[in-house]
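Colleague: Keeping their order, the protein sequence lines are chains B and A. The opening residue of the first sequence carries number 1 in my numbering; numbering runs sequentially from there. The opening residue of the second sequence carries number 1 in my numbering; numbering runs sequentially from there.
These are computed hints drawn from the structure, not numbers from a lab. Mixed in with the good hints, there may be bad ones.
Note that identical chains are pooled: a pair holds if it fits in a single copy or bridges any two copies.
Said to hold, decoys possible - Computed cross-link-like contacts, DSS-like style, restricted to lysine-lysine with a CA-CA straight-line distance of at most 27 Å: (1) K105 x K382; (2) K263 x K116; (3) K105 x K363; (4) K383 x K105; (5) K383 x K96; (6) K105 x K391; (7) K179 x K263; (8) K382 x K116; (9) K211 x K263; (10) K406 x K179; (11) K391 x K211; (12) K311 x K340; (13) K383 x K340; (14) K382 x K340.
Residue-level listing of the chains:
Number of protein chains: 2
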Amino acid sequence: MTVELICVGTELLLGNTVNTNAAFISEQCAMLGLSMYYQSVVGDNAGRLERLLCTARERSDVIILSGGLGPTQDDLTKETAAEVMGRKLVEDKRAKQEIQACLEKLGHTITDNNWKQALVPEGCKVLYNANGTAPGIIIEEKGTCMILLPGPPNELVPMFQEQVYPYLRSRQPEVICSKMVKLCGIGESAAETAILDLLAERNPTVAPYAKTGEVHLRITAKAADEETAGSMIAPVEEELYRRFGDCVYTDDPDVTLEEAVAKLLESHGLTITTAESCTGGLLAGRLVNVPGISGNFKEGYITYSNEAKEKLLGVSHATLEAYGAVSPQTAAEMAEGGAKAAGADLCVSVTGIAGPEGGTQEKPVGLVYIGCYCRGRVFTEKKLYSGSRSKIREYSVASALTFLRKVILDETAG
Amino acid sequence: MTVELICVGTELLLGNTVNTNAAFISEQCAMLGLSMYYQSVVGDNAGRLERLLCTARERSDVIILSGGLGPTQDDLTKETAAEVMGRKLVEDKRAKQEIQACLEKLGHTITDNNWKQALVPEGCKVLYNANGTAPGIIIEEKGTCMILLPGPPNELVPMFQEQVYPYLRSRQPEVICSKMVKLCGIGESAAETAILDLLAERNPTVAPYAKTGEVHLRITAKAADEETAGSMIAPVEEELYRRFGDCVYTDDPDVTLEEAVAKLLESHGLTITTAESCTGGLLAGRLVNVPGISGNFKEGYITYSNEAKEKLLGVSHATLEAYGAVSPQTAAEMAEGGAKAAGADLCVSVTGIAGPEGGTQEKPVGLVYIGCYCRGRVFTEKKLYSGSRSKIREYSVASALTFLRKVILDETAG
Numbered sequence: 001m002t003v004e005l006i007c008v009g010t011e012l013l014l015g016n017t018v019n020t021n022a023a024f025i026s027e028q029c030a031m032l033g034l035s036m037y038y039q040s041v042v043g044d045n046a047g048r049l050e051r052l053l054c055t056a057r058e059r060s061d062v063i064i065l066s067g068g069l070g071p072t073q074d075d076l077t078k079e080t081a082a083e084v085m086g087r088k089l090v091e092d093k094r095a096k097q098e099i100q101a102c103l104e105k106l107g108h109t110i111t112d113n114n115w116k117q118a119l120v121p122e123g124c125k126v127l128y129n130a131n132g133t134a135p136g137i138i139i140e141e142k143g144t145c146m147i148l149l150p151g152p153p154n155e156l157v158p159m160f161q162e163q164v165y166p167y168l169r170s171r172q173p174e175v176i177c178s179k180m181v182k183l184c185g186i187g188e189s190a191a192e193t194a195i196l197d198l199l200a201e202r203n204p205t206v207a208p209y210a211k212t213g214e215v216h217l218r219i220t221a222k223a224a225d226e227e228t229a230g231s232m233i234a235p236v237e238e239e240l241y242r243r244f245g246d247c248v249y250t251d252d253p254d255v256t257l258e259e260a261v262a263k264l265l266e267s268h269g270l271t272i273t274t275a276e277s278c279t280g281g282l283l284a285g286r287l288v289n290v291p292g293i294s295g296n297f298k299e300g301y302i303t304y305s306n307e308a309k310e311k312l313l314g315v316s317h318a319t320l321e322a323y324g325a326v327s328p329q330t331a332a333e334m335a336e337g338g339a340k341a342a343g344a345d346l347c348v349s350v351t352g353i354a355g356p357e358g359g360t361q362e363k364p365v366g367l368v369y370i371g372c373y374c375r376g377r378v379f380t381e382k383k384l385y386s387g388s389r390s391k392i393r394e395y396s397v398a399s400a401l402t403f404l405r406k407v408i409l410d411e412t413a414g
Numbered sequence: 001m002t003v004e005l006i007c008v009g010t011e012l013l014l015g016n017t018v019n020t021n022a023a024f025i026s027e028q029c030a031m032l033g034l035s036m037y038y039q040s041v042v043g044d045n046a047g048r049l050e051r052l053l054c055t056a057r058e059r060s061d062v063i064i065l066s067g068g069l070g071p072t073q074d075d076l077t078k079e080t081a082a083e084v085m086g087r088k089l090v091e092d093k094r095a096k097q098e099i100q101a102c103l104e105k106l107g108h109t110i111t112d113n114n115w116k117q118a119l120v121p122e123g124c125k126v127l128y129n130a131n132g133t134a135p136g137i138i139i140e141e142k143g144t145c146m147i148l149l150p151g152p153p154n155e156l157v158p159m160f161q162e163q164v165y166p167y168l169r170s171r172q173p174e175v176i177c178s179k180m181v182k183l184c185g186i187g188e189s190a191a192e193t194a195i196l197d198l199l200a201e202r203n204p205t206v207a208p209y210a211k212t213g214e215v216h217l218r219i220t221a222k223a224a225d226e227e228t229a230g231s232m233i234a235p236v237e238e239e240l241y242r243r244f245g246d247c248v249y250t251d252d253p254d255v256t257l258e259e260a261v262a263k264l265l266e267s268h269g270l271t272i273t274t275a276e277s278c279t280g281g282l283l284a285g286r287l288v289n290v291p292g293i294s295g296n297f298k299e300g301y302i303t304y305s306n307e308a309k310e311k312l313l314g315v316s317h318a319t320l321e322a323y324g325a326v327s328p329q330t331a332a333e334m335a336e337g338g339a340k341a342a343g344a345d346l347c348v349s350v351t352g353i354a355g356p357e358g359g360t361q362e363k364p365v366g367l368v369y370i371g372c373y374c375r376g377r378v379f380t381e382k383k384l385y386s387g388s389r390s391k392i393r394e395y396s397v398a399s400a401l402t403f404l405r406k407v408i409l410d411e412t413a414g
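Same shape as in the complex, but just chain B:
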């Protein structure tokens, strides 16, 4: 089954908004095993949208549209789709009640144009919207299925996950199952090189998704039933575990690296603190992404100046003089001093040259040392990154989480 995506919105054509909906819907369709060959963006213009819809009908089985379902005159996705599919618009009672309830809850005055959102193409399936006033719509016609979704991601994403995904899945002649394996501590090309044979397979497929400092691998199988699909995925998953070992930090698509680290801390009853120089708080910021981290993380130190490294972490003046702030020695003393200051079992430290200034021949921009203290022992790691100041800092944070995870695994093993 082929699917095509049309995003409607002048804000996309002006570059005011990055089209995250397209990436989200594309990934979901790939998970469903649908083949997407085209994506388009058009403005709020009935003529251009109509021409695009006619072309799309000829070349794709399913057309997903996002945006243009609002209450204003500009919003004409629904009207145009209904026209192309030869349907009249009729009022949907439940949609009308939900719009009224939603606007009253927000304390908004209801104006006449709000009722426009309660109109739907005759005979369509209505996707009620728990997060806004625009219902989604599915129009089925011999040979074509059009799915209209509201543009705001906080409405589109749950509507897709809860209503569109199961709908599309039920229309697939085969069952599609997928499993995510998330890696850290290995680069994208190294990961791909290690599984070139698996990447070439057609069923199950393995698709890599690169994130900052991480690689996510999705295994997807098509089969007659879930059991068969599951039994096709299992050996591939095992093979990925075999090839990547401890680099696999989770097989849960919703678990982030910081959550995996937080879970390790919790299960071993370990407390942690952070001692950051060039990352300036971003590492602690990621740990605090995890709700409930307060049991393991109480406080963190941002020591951007040498004086702060001495004062807050007890890094010795002599070390800073002899080796400089960006050195394994300083990273080690930061980690040890941070753990002592906070009374924590662990401390992870980061010190580096994020640039764009401050690099030398010996210590170039992008040089970063990570330190990790764990119950009496200190470990350090050297990294060298290229790119902008913010890229270097982002990668440093990902490396620090990865290194921290490795130290916990090593020190709690056996």
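Dock chain A against chain B, hints included.
Modeller: Just chain A now, kept in the frame of chain B:
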């Protein structure tokens, strides 16, 4: 002049990558006063790309393509575009030399397929690439201009800014000038409501771009020459300053809010520290985005637990008991205590409930207090946000920077 964008890449159709190139190119084209009516994404497939190019040729004056210029068999944007435009591919000497130099510098072995990147359509304009091996290409033909750009953003962005932007600008019969005015401390809809009359104007236009906690307004004028365009922009800019006053933090498109704050600190010779609870380091992380902040920012405190607020910031136990950690009283004591601990002129503090758990009727998820100490005086501000944990934390950081800026402006006035 109309422009159309075609992004080539299977990774976009699979949702592996968010299409930031589309947003960047669209914004640049809007700045150039070009009208964009269509954007498309296709995979690395010659047949589909060819059909799309033929359609695009009929409806647009300029076609910009990104991606598919790599050295592998899959990369066929150049071959397909040359075919559609009826051009042979010929070797470009300088491109060949640069590819060799680039690969040697990276220490890569040069393989035969690398020379594919030195082939260009006969009679085209070559855009040499300082950041990679794929040269960009401009093919001009009566009625149509095709511009081919490499897909990686770190190659595409500078190539567009340095070579494509001036080229397109020179082809415009009129001069296009634009000016950016960036606002903080005002919401998107409040900002738009205040300038509905200006948003309706056609020349100069005013276009709003919403960022987290900020609104950027771009004024764009078309005129016969730069002087005339400038004189059309000036009164609109003045009007924006008049309507938004101190909410305007810069008119430099490259200056971020944290840079504007850093500049204020520097010009008044003020030192600052941070005391963060729910934002857990993200606020300090934004200040450290600014290269050279070290003169004003030496250290910061992440005090996620109540004990850390007492120990590191000297918040009184009685205050925490009586008012709770999320209260104006605690925010004030955090700010005052942070400044004293760091010996800084200023300290900005954040304490709030980022969720998803921990909210009550009285103190719901999204409630955030910001404190700011400035040379003996303390100020606090209450905020209420909705959204995910990470959204609430991001908005809190933007608000803290905005509040800090306001306090510095107020306290240094006169």
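Colleague: All hints are to be evaluated individually against the structure, with a verdict given for each.
Modeller: The hints, checked one at a time:
no. : hint        : verdict
1   : K105 x K382 : between (54 Å within a copy, 23 Å between copies)
2   : K263 x K116 : neither (48 Å within a copy, 49 Å between copies)
3   : K105 x K363 : between (58 Å within a copy, 19 Å between copies)
4   : K383 x K105 : between (52 Å within a copy, 20 Å between copies)
5   : K383 x K96  : neither (58 Å within a copy, 33 Å between copies)
6   : K105 x K391 : between (42 Å within a copy, 22 Å between copies)
7   : K179 x K263 : within (21 Å within a copy, 49 Å between copies)
8   : K382 x K116 : neither (60 Å within a copy, 37 Å between copies)
9   : K211 x K263 : within (21 Å within a copy, 33 Å between copies)
10  : K406 x K179 : within (24 Å within a copy, 49 Å between copies)
11  : K391 x K211 : both (12 Å within a copy, 20 Å between copies)
12  : K311 x K340 : both (13 Å within a copy, 14 Å between copies)
13  : K383 x K340 : within (25 Å within a copy, 35 Å between copies)
14  : K382 x K340 : within (23 Å within a copy, 35 Å between copies)
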